[in-house]
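A.B. asks: Turn these sequences into a full structure, and let the hints guide you.
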Amino acid sequence: MIWNEKYECMDPEGLKNIQLERLREIVKYVSENVPFYKERLNTYGVRWQDIKSLSDIKKLPFTVKEDLRDNYPFGLFASPLQKIKEIHVSSGTTGNPTVVGYTQEDIELWMEVMARTIAVAGGEPGDMIQIAYGYGLFTGGLGFHYGALKMGLTIIPTSSGQTKRQLKLMQDFKPRILACTPSYALYMVDEAKEMGMEPRDSSWEIGIFGAEPWSDSIRKEIEEVWNMTALDVYGLSEIIGPGVAQECPYKDGLHIFWDVFYPEVINPETGEEVREGEDGELVITTLTKIGMPLLRYRTRDIVSIKYDRCKCGRTSPRISKIKGRTDDMIVVRGINVFPSQIEHVLLGIEGTQPHYQIVVDRKARSLDELEIWVEVEEKIFSDEVKKLEELQDKIRKEIESVLGIMVKVKLVEPRTIERSMGKAKRVVDKRQL
Amino acid sequence: MKIKQISAFLENKKGRLYEVCDILGKHDINIRALTIAESEDFGVLRMIVDKPEEALKVLKENGIVVRFSEIVAVEVEDRPGGLAQVLKVLVENGINVEYMYGFVERKADKALLVFRFDEPDKAIQILQDNNIGILQELEEL
Chain A
0 MIWNEKYECM DPEGLKNIQL ERLREIVKYV SENVPFYKER LNTYGVRWQD
50 IKSLSDIKKL PFTVKEDLRD NYPFGLFASP LQKIKEIHVS SGTTGNPTVV
100 GYTQEDIELW MEVMARTIAV AGGEPGDMIQ IAYGYGLFTG GLGFHYGALK
150 MGLTIIPTSS GQTKRQLKLM QDFKPRILAC TPSYALYMVD EAKEMGMEPR
200 DSSWEIGIFG AEPWSDSIRK EIEEVWNMTA LDVYGLSEII GPGVAQECPY
250 KDGLHIFWDV FYPEVINPET GEEVREGEDG ELVITTLTKI GMPLLRYRTR
300 DIVSIKYDRC KCGRTSPRIS KIKGRTDDMI VVRGINVFPS QIEHVLLGIE
350 GTQPHYQIVV DRKARSLDEL EIWVEVEEKI FSDEVKKLEE LQDKIRKEIE
400 SVLGIMVKVK LVEPRTIERS MGKAKRVVDK RQL
Chain B
0 MKIKQISAFL ENKKGRLYEV CDILGKHDIN IRALTIAESE DFGVLRMIVD
50 KPEEALKVLK ENGIVVRFSE IVAVEVEDRP GGLAQVLKVL VENGINVEYM
100 YGFVERKADK ALLVFRFDEP DKAIQILQDN NIGILQELEE L
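Protein sequence lines, in the order shown, are assigned to chains A and B. So for the first sequence, numbering that gives the first Met the number 0 puts the first residue at 0; every next one is plus one. So for the second sequence, numbering that gives the first Met the number 0 puts the first residue at 0; every next one is plus one.
Take every hint as true, because none was put in to throw you off.
List time: in silico DSS-like cross-link candidates among lysine-lysine, alpha-carbon distance up to 27 Å:
#, chain 1, residue 1, chain 2, residue 2
1, A, Lys378, B, Lys56
2, B, Lys12, A, Lys407
3, A, Lys386, B, Lys121
4, A, Lys149, A, Lys173
5, A, Lys378, B, Lys13
6, B, Lys1, A, Lys385
7, B, Lys3, B, Lys59
8, A, Lys58, A, Lys27
According to the in silico footprint, chain A covers these stretches of chain B (three or more CB under 8 Å from chain A):
#, stretch
9, 4-12
10, 26-39
11, 64-72
Treat the hints as calculated values from the structure; they're not laboratory data. Glycine included, each C-beta is placed from N, C-alpha and C at the ideal position.
C.D. replies: Shown next as C-alpha cells:
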C-alpha cells in the first residue's frame, strides 16, 4: 500500500510548489525563532523573501554537526522547552552529544513518515512487527514504534538484545515484519540454529534494516537464510531518526520523503550540487519541523540520487544506499563512533600520545568487533607486564564508557600503525559491507 | 650494587625476538641473562647485557621501545634449598619481588639470579646484612 498517496505520488511539478512554499516558511520561522539562524542568515545576507525559487536554496548557509554541538544542549531549538515533548541524543564527535527535540507536531510528523516507511517496505495495517532496534535515547526503536502505532500494527517492542527471547517470541507470535540492524539479523541465525530452529521457517516476511551501512551481498545472505525480503531504511536523528527514506520491494534506491525533507546532493569540497546520479554528500532541509528545524544539514553521508519514476508508483526521488562518509565516522553495531572520541580518551590518560588505530571487523554471522590499537610510547612503557595490562584495561574501560559498546584494546609497538603522508590512518574497516 | 637491565616492548609476532637479538649481535653486544614476560598480545623482553648504554641506544635507533630498570643480581647456592634461603630473608624483611630470572652463565658453585625489587636499596642492604652475595660488577662474569 501507499500510505500517503497525495504526497508520495504527487506530480513533481506540483510538489515543487509546495516545497517552495514550505521552504520560505521555514526560513522565516528559523530566522524569527532561532538566534543562531537569525545571526547566520544575517551574516549571509539572506532573508526569507529572497527565496523565490527552489534553486534559491543555494543562497542559504549549510548547517553542520558542529553547529549542534556548539549550541549544546538546546541552542538550536526553535520552540520553548515546554513545547518539546521528547528529546533524543546521539553521540557527538567530541565531548558533547547531539541533542534533538520534538514537539507534538514533530512526533506526529515522525509517525507519518514512519507509517510511510513501513508501507514502502510492504507492511499493511494489521500486520505484526517485531521492533528489535534499541528503545531509548537512540531513535531507532521509538521511531518504528510510532510509525507502527500510526499504521495500526501489532507491536512486539522487544528492543535489541536477548536473542533467544527474540527468537522464541518470533516463533510463538509469528510477526510478519522484523525491524533491526542488518548485522543483528545475521547474528540471530546461529542462535536460531542452536535453539533447533530452521531459520527458513521464520515467520518474518519483511525485514526493515538500517542504522548501519550494509551491502547487496549481506541483503542476499539475509534473504536466503531467513527467507524474507530485506529492505534498507535511512535516517538520522538530526533530521528525525528513521523515516527519512525507505527502499521499496523493487530495490532500486530509497524513496526520500521530499515533501518534508528536501534533499540536495553536493560535492563536499565545493558545496556545489552534483549532477543527477553522481556521488556526493546528502544535504537535507527539514521543511516542516517545529522543534528543531535544520537548513541544509550536511549529513556527511555519500549517496547518489535519481529522480526518474519508480515502478512502485511513487514520484519521490530515490537515494542510493550510503556509499561512504565525508568524515571518518564509523557505525559499529548501530552506534556512531568518531575517532576523535577515542583520541579524547587517550589524551586524558596520563602520558598517552594518541597514536592509535581503530580496527573494525565482522566475522561471518556475528556482530561487529571494535579493536583499538595503541602504540606504546617510552613514557608509558613499563618492564612489568602487570602495569601494561592495567593500562590496557584502563583505556578499554574509558573508551567503553564513552562509546557505550564493548571494545578490545591492543598495545602495539611504535610505528606499527600505517601512516599515509605523515598522517596516521585512523580507521581500518575490514568488514565486508 | 644495582645493575641496569634493558626492557623492551615486543608484540607477539613471529621473528621479533630474533630481530632484537640480531641487532645486539651485530653491535657486538653480549646478552648475559634474558627472560620474556608475556600477555595475550605482547611481551616484555628483559635482558642483562655487557654494554647496556650502547644496547639502549641501538635498540632505540631501530624503533624499539626500551628502558632501563635497576635490578639486583644475587648469588645463590647451587643446591636444593639455595633459592629458598634467599627468599626467606626477603620475606622476613617484607621485601617484594616484582619478578626474577636466572643468568645464562654460572659462577662455580653459585647460581646467579636477577631480582627486580620495588625497593632495591632496602633489599640490597638486607641481603648484605644476611651475608648473601650480590654481584658488584658485570665484569665479574
